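2 protein chains.
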Amino acid sequence: MTCLDGLAPLPLSDAMHHACRGGKGLRGFLVMESARLHGVDAARALWPAAAIEAMHAYSLVHDDLPAMDDDDLRRGLPTVHIKWDEATAILAGDALQALAFELVSDARCGEAEARAALSLGLARAAGARGMVLGQALDIAAEAAGTPLDLDAITRLQAGKTGALIEWAATAGAVMAGADTGPLGRYARDLGLAFQIADDILDVEGDEAKTGKRLQKDAAAGKATFVSLLGLDAAKRRARDLVTSACDALSSYGAGAETLRETARFVISRES
Amino acid sequence: MTCLDGLAPLPLSDAMHHACRGGKGLRGFLVMESARLHGVDAARALWPAAAIEAMHAYSLVHDDLPAMDDDDLRRGLPTVHIKWDEATAILAGDALQALAFELVSDARCGEAEARAALSLGLARAAGARGMVLGQALDIAAEAAGTPLDLDAITRLQAGKTGALIEWAATAGAVMAGADTGPLGRYARDLGLAFQIADDILDVEGDEAKTGKRLQKDAAAGKATFVSLLGLDAAKRRARDLVTSACDALSSYGAGAETLRETARFVISRES
Chain A
1 MTCLDGLAPL PLSDAMHHAC RGGKGLRGFL VMESARLHGV DAARALWPAA
51 AIEAMHAYSL VHDDLPAMDD DDLRRGLPTV HIKWDEATAI LAGDALQALA
101 FELVSDARCG EAEARAALSL GLARAAGARG MVLGQALDIA AEAAGTPLDL
151 DAITRLQAGK TGALIEWAAT AGAVMAGADT GPLGRYARDL GLAFQIADDI
201 LDVEGDEAKT GKRLQKDAAA GKATFVSLLG LDAAKRRARD LVTSACDALS
251 SYGAGAETLR ETARFVISRE S
Chain B
272 MTCLDGLAPL PLSDAMHHAC RGGKGLRGFL VMESARLHGV DAARALWPAA
322 AIEAMHAYSL VHDDLPAMDD DDLRRGLPTV HIKWDEATAI LAGDALQALA
372 FELVSDARCG EAEARAALSL GLARAAGARG MVLGQALDIA AEAAGTPLDL
422 DAITRLQAGK TGALIEWAAT AGAVMAGADT GPLGRYARDL GLAFQIADDI
472 LDVEGDEAKT GKRLQKDAAA GKATFVSLLG LDAAKRRARD LVTSACDALS
522 SYGAGAETLR ETARFVISRE S
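Residue numbers (the numbering used here), protein chains in the order written: chain A, 1 to 271; chain B, 272 to 542.
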């Protein structure tokens, strides 16, 4: 906590910690596994792993704001603007984004070349052609009131969730100066499977397990992979994507088995 | 503009451009001058100069939000959430912060070592120990209702405006691998003088020239350098700080005259 004389301790750092609690840590885990596959020391990989979790946490805090998705529950906890207030949520999110770049720029993350490459990739994945674009498309689609088609939803999700997942899964290859192609293909399939699974959980899931409000998309009349494909076809599509994600890692052989397990987990998870 | 079938073009990129219009460009100018002093090519320095302007623009967009300072006018134009809406302002700010890191990480900015150092410094200056901290302290002080003392306001402003100004003024030294000490001292004095001048403009300025709402601090009962020192002593203090800022550049000789002029401009400006 930070304070000035005459002021109560600020909620800023508590809010930042709160926002990082309770997640699955999927993106950080992808960084660690991607690093391990390329012989990158875990002590170095922890920095980009923490960075991507901070970036993801910021995106959730801002997405949950009243002017955005207006959510009161996240990871089984009250959202930041509910526990504190909107100003604290805006600032905690802003600071978490800066923290993500501070973490990937830390000298303990590795050589300058790798850090600069991670930072550039993270900025592109997070920004107006990546995650923020996906979120803006999502809000515009909701405002327009005309549900998107499958192609449009796929492109929207490639930004909203896909971009950070791809950065995470390729981080180890970037740090090692290796080809990011196979992990990039794995991540794009995985990201889409993850989002289809999210849409399925929104329909079939248990709020006590997901820790967030469900059935909001149907209530809002939003198009999802489930509303467009139907539940059974959505599940088949997710399974096909996981198979394709696993196949993309064939050049890594048995070393990539944990990443393949991760892909299977993504569509079987309950939270 | 970006669009998906069935959606109107998104306001995101227009809002980002709007947020960057009409400023003085002081921070970007400091980067260019700092680079010139150290023999760094202007074509390289343009990248961090654009980055700091994007970062500053994001901070203004978020500060102007209803949950923060709730301003409707900035740089003579309607603020982003007035011209569009709150969601667009939150997202445009988020994307501008990411853009700042994308710009300093661009290979055209220079060697990886310099880019990583700029990125790390920018993250620290922008984050929870820098600009965001200053803004959080400002909001907490307003909520507490008990005006801050001079020491507290000085520390608050060191975060809120000082951190980015220091990053900008030292960027050229960082890119050249030179000592950042003299420019750091210059920037700390300049940043404080800049804020005192802002407080004076809030009392004495002309809205048509500043392009933002004035006399908000007094109306809100906020402590400022003017309310704490009185107008005359605040002006003296600003002049003393400018003298000190200029003295800090003595080792640069006549080459730093433009930066000295800049310091004098900062306290004589009308906007």
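Since the hints were made in silico from the structure, they are not lab data. Since this is a predicted model, take the numbers as computed values, not measurements. Don't take every hint at face value.
Said to hold, decoys possible - Derived list of chain A stretches under chain B, where covered just means 3 residues or more per stretch with a C-beta under 8 Å from a C-beta of chain B: (1) 88 to 94; (2) 226 to 236.
Stated by the list, open to error - Calculated pairs, DSSO-like style, for lysine-lysine (alpha carbon to alpha carbon, straight line, at most 30 Å): (3) A:K222 x A:K83; (4) A:K222 x B:K493; (5) B:K487 x A:K83; (6) B:K506 x B:K493; (7) B:K506 x A:K83; (8) B:K295 x B:K506; (9) A:K24 x A:K235; (10) A:K209 x A:K235; (11) A:K83 x A:K216; (12) B:K295 x A:K216; (13) A:K235 x A:K83; (14) A:K216 x A:K24.
C-beta: ideal position from N, C-alpha, C; glycine also.
Consistency of the hints with the structure:
1. 88 to 94: holds (count 5)
2. 226 to 236: violated (count 0)
3. A:K222 x A:K83: holds, 28 Å
4. A:K222 x B:K493: The hint is violated at about 45 Å.
5. B:K487 x A:K83: holds, 29 Å
6. B:K506 x B:K493: Within the cut-off at roughly 19 Å; holds.
7. B:K506 x A:K83: Violated: B:K506 and A:K83 sit about 42 Å apart, past 30 Å.
8. B:K295 x B:K506: OK: B:K295 and B:K506 at ~21 Å, within 30 Å.
9. A:K24 x A:K235: holds, 21 Å
10. A:K209 x A:K235: holds, 20 Å
11. A:K83 x A:K216: holds, 21 Å
12. B:K295 x A:K216: Distance of about 45 Å is beyond 30 Å: violated.
13. A:K235 x A:K83: Since the Cα atoms of A:K235 and A:K83 sit roughly 36 Å apart, the hinted pair is violated (cutoff 30 Å).
14. A:K216 x A:K24: holds, 21 Å
In summary, the structure is inconsistent with hints 2, 4, 7, 12 and 13 from the numbered list given earlier, while agreeing with the others.
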